[in-house]
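Asks: Residue-level listing of the chains:
Protein chains: 2
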Amino acid sequence: MTEEIAPRTGVAFTLDKGRTLTVIDPCGEQVADLLAFNRADVGEGLSGGRTLDYASKIYLTTGDPLYSNRSNVMLEIIADDVGRHDFLLTPCSKDTFRIIYGDKDPHRGCFGNLAAALAPYGVTEDMIPTAFNCFMNVPVDGKTGMLTVEAPLSKAGDAIVFRAGMDLVIGLTACSALQSNNGSFKPIHYRID
Amino acid sequence: MTEEIAPRTGVAFTLDKGRTLTVIDPCGEQVADLLAFNRADVGEGLSGGRTLDYASKIYLTTGDPLYSNRSNVMLEIIADDVGRHDFLLTPCSKDTFRIIYGDKDPHRGCFGNLAAALAPYGVTEDMIPTAFNCFMNVPVDGKTGMLTVEAPLSKAGDAIVFRAGMDLVIGLTACSALQSNNGSFKPIHYRID
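Residue numbers (the numbering used here), protein chains in the order written: chain H, 1 to 193; chain X, 194 to 386.
You may find that some hints are simply not true.
Heads up, simulated DSBU-like pairs for lysine-lysine below, C-alpha to C-alpha not over 35 Å straight-line [claimed, not checked]:
| # | chain 1 | residue 1 | chain 2 | residue 2 |
| --- | --- | --- | --- | --- |
| 1 | H | K94 | X | K336 |
| 2 | X | K210 | H | K104 |
| 3 | H | K57 | X | K297 |
| 4 | X | K297 | H | K17 |
For the chain X half of the interface with chain H, some residues (derived, Cβ under 7 Å), not all of them [unchecked claim]:
| # | residue |
| --- | --- |
| 5 | G242 |
| 6 | R243 |
| 7 | Y247 |
| 8 | I251 |
| 9 | Y252 |
| 10 | S264 |
| 11 | L281 |
| 12 | T323 |
| 13 | D334 |
| 14 | G335 |
| 15 | G338 |
| 16 | L340 |
It should be emphasised that the hints constitute simulated quantities derived from the structure, not laboratory data.
What you are looking at is a predicted structure, and each value in this text was computed from that prediction instead of being measured.
All residues carry an ideal CB built from backbone N, CA and C; glycine is no exception.
Let's have the full structure, built from the sequences with the hints guiding it.
Replies: Structure follows, in structure tokens:
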């Protein structure tokens, strides 16, 4: 059964080892921030730094494992219609909107949505790491090191599928930052199989 | 007074708000992994994801602030002889040496050295984020996203200087990974002014 995450909101749910999570962009050009924690000990969470190090690349796709801060495989990408996701930047937050957008009364962003959804599982704000940002398009200029946030390459119905390497708590959003989603806020769909 | 960190070891020390920390590569081509925690509450630590997001670039140098996971400025780079440091990859660890190098009896690496040095300040292993890797040279191919670990650009005596934005606990190493240091392990020097 496919579930919907409303625009600028987030959810948390459990995903058992061996099951698959399909994250779908139903309208196109919409980012979904993904977090994962070991359900048996939420001190173990997704690590972009370890994952990129072991992969020797910043763009991950089918076949690539996502490692924890203890170097265990939390998720493996087993299908991917898009091939461009970001694992460099933290979830958008009040601070993002204040610092980058100059907002006076900022939305709580993916960070606030993830923190609220994950709190019942014992995950605190300080434990929220850089997320795997499904469909987020962040090209890096290899010469200068400059990065930009561009429109996602995802088209309506495109998906990325993960298989769980351990029993997990997942946090997932429909991203709240204008720039990341080409200027509009759309829902995200997901399905567990 | 200049202090020496022996090859493949690490230290922790306090740095008061407003003071400067100079990290020196005395022999050239040697990386130093740097961590910072809020001394009043070590739940607040360096965040690569927030820093790169706000800077819109992956290579930081003079004038760039390093932000915490709560979006406060922990350190600002106020001088830099080298201009190439890494903020993408986690400290090398037993896991790095096992997964990337295939070592049977791996060294504890910068991760183990930082964990041991920071433990007396209440920092646990799970709280160790991606470090700011002084002098580490990780070019990224903007087209493919592939990254490589190359010889540091630092020459003997080159330094990077940080000013503390709050009262900090600092973790600092002479990096333990062959690839990061062009095949040999050398000391790191530092000075507090």
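Asks: Taking the hints in turn, state whether each one holds.
Replies: Each hint, compared with the structure:
A threshold of 35 Å between alpha carbons decides the hint, and for K94 of chain H with K336 of chain X the separation of about 32 Å falls inside it, so the pair holds. About 28 Å separates the Cα atoms of K210 of chain X and K104 of chain H, which keeps this hinted pair within 35 Å; it holds. The hinted pair formed by K57 of chain H and K297 of chain X meets the criterion: a straight-line CA distance of about 25 Å does not exceed 35 Å. Distance hint between K297 of chain X and K17 of chain H is fulfilled; the C-alpha atoms sit about 28 Å from each other, no more than 35 Å.
Hint status for G242 of chain X: holds, given a least beta-carbon distance of 3 Å to chain H, under 7 Å. Checking R243 of chain X against chain H by beta carbon gives a least distance of about 5 Å; that is within 7 Å, so the hint holds. A least Cβ separation of about 5 Å between Y247 of chain X and chain H falls short of the 7 Å threshold, and the interface hint therefore holds. Given hint, I251 of chain X at the interface with chain H, holds; its Cβ is 5 Å from that chain's nearest Cβ, closer than 7 Å.
Interface restraint check for Y252 of chain X: the shortest CB-CB distance to chain H comes to about 3 Å, inside 7 Å, so the restraint holds. Hint status for S264 of chain X: holds, given a least beta-carbon distance of 4 Å to chain H, under 7 Å. Interface restraint check: L281 of chain X against chain H, minimum CB-CB distance 6 Å, threshold 7 Å, status holds. Annotation: T323 of chain X was flagged as interfacial toward chain H, and the flag holds, the nearest CB pair being 4 Å apart, inside 7 Å.
Interface restraint check for D334 of chain X: the shortest CB-CB distance to chain H comes to about 5 Å, inside 7 Å, so the restraint holds. Satisfaction of the interface hint for G335 of chain X is found here, the shortest Cβ-Cβ separation to chain H being roughly 4 Å, below the 7 Å cut-off. For G338 of chain X, the suggested interface contact is upheld, since its CB lies about 3 Å from the closest CB of chain H, less than 7 Å. Below 7 Å, beta-carbon pairs count as interface contacts, and L340 of chain X has one with chain H at about 6 Å; its hint therefore holds.
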